[in-house]
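Q: Sequence:
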Amino acid sequence: MVGTAHRSAGVEGVEGGVGLTALLVAAARAIETHRHDSLARDVFAEHFVLAAPASTGWPVRIQQVPEGDADPLWGRFARYFGLRTRVLDDFLLRSVQAGGARQVVLLGAGLDTRAFRLDWPSGCVIFEIDREGVLAFKHQVLGGLSATPKAARVPIPIDLRADWVGALTDAGFDKAAPSVWLAEGLLFYLPGALERYLIDTVDLLSTGGSALAFEVKLEKDLLAYRDSPLYTSTKHQIGIDLLNLFDSEPRPDSAGDLAGKGWSTSVHTPFDFTRRHGRGPLPEQNDALAGNRWVFANKPRP
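Going by the UniProt record's numbering, the first residue of the sequence shown is number 1, and it counts up by one from there.
Simulated from the structure, these hints should not be mistaken for lab results.
There may be inaccurate statements among the hints.
[Stated by the list, open to error] Dumping the calculated PhoX-like pairs for lysine-lysine here, alpha-carbon to alpha-carbon at most 25 angstroms:
| hint | residue 1 | residue 2 |
| --- | --- | --- |
| 1 | Lys235 | Lys217 |
| 2 | Lys175 | Lys217 |
| 3 | Lys175 | Lys261 |
| 4 | Lys261 | Lys235 |
| 5 | Lys235 | Lys220 |
Construct all of the structure, not just a fragment, from the sequences and the given hints.
A: Spelled out as structure tokens, the structure:
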């Protein structure tokens with residue numbers, strides 16, 4: 001049952017830096033949830049926003065935004081996150097239903113509530129890897145709502161720069177069984193070497209029948225979009241300078257690396273899915289979303 005969460009005192013994990021972006025995405029999911037033409041519903045999202053002092057005053061409904069959908073942050077950018085949520089929801093459910101995988105790993109899980117929202121097949125286990133503070137905040141808010149997961153949920157409080165593989169296997173992950181992996185909104189913030197390690201490790205831990213989805217940026221120069229409405233509105237309205245958080249190194253070709261390891265891959269722009277669903281952002285001038293790509297990969301069975 002979803003009620004009203006009390007304001008959390010233990011919010012250090014989401015009060016600054018990349019942790020604060022988890023609240024931004026939660027607010028976007030809340031706005032999407034309350035739209036009449038919603039692409040994805042997350043009834044828990046607004047409670048994260050309301051529980052953290054850093055997001056006090058942020059909207060959780062588009063009606064609370066004076067400019068409505070014309071607002072670059074709470075209109076277009078929030079709709080982007082709503083679309084991304086829907087596309088990756090579909091990917092995860094399709095992968096476990098069609099491929100038979102029963103273990104799902106959320107890398108940099110943040111305030112993801114898919115363990116609670118989605119109708120998982122029987123026997124699914126959802127491993128959520130993120131920093132201790134982020135998972136503690138999520139646990140506190142969801143506990144206050146008496147939320148019940150729809151699959152076995154295994155939080156793994158560890159930084160991805162530490163031995164997360166050991167923590168994952170200790171928690172029951174079976175590398176001999178097919179798995180589904182998700183890195184949603186994560187790789188932007190990682191140095192190239194850590195991204196390569198992450199992709200290589202997922203490959204090593206994945207047997208045939210496994211699947212992976214992740215998001216990357218292809219721009220050679222992120223600063224070329226510093227004055228874009230999306231980045232400037234995010235900085236001025238809520239104090240998040242995304243370009244200072246993104247890693248500025250040249251990005252590795254992770255999709256190509258996976259293809260070289262035998263995975264089948266497909267790379268899409270978000271606009272591909274806007275056209276498919278009839279809702280979401282479309283290209284515009286000086287577009288900070290122009291280089292975003294969503295990558296989907298499958299490891300064939302022997």
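Q: Next step is simple, just say for each hint if it's right about the structure.
A: Verification of the supplied hints:
For the proposed pair Lys235 and Lys217, the alpha carbon gap of about 19 angstroms is at most 25 angstroms, so the pair holds. Proposed proximity of Lys175 and Lys217 is contradicted: the alpha carbons are some 29 angstroms apart, above 25 angstroms. With a CA separation close to 17 angstroms, the supplied pair Lys175 and Lys261 stays within the 25 angstroms bound. For the suggested pair Lys261 and Lys235, the alpha carbons sit about 39 angstroms apart, so the restraint of at most 25 angstroms is broken.
With a CA separation close to 22 angstroms, the supplied pair Lys235 and Lys220 stays within the 25 angstroms bound.
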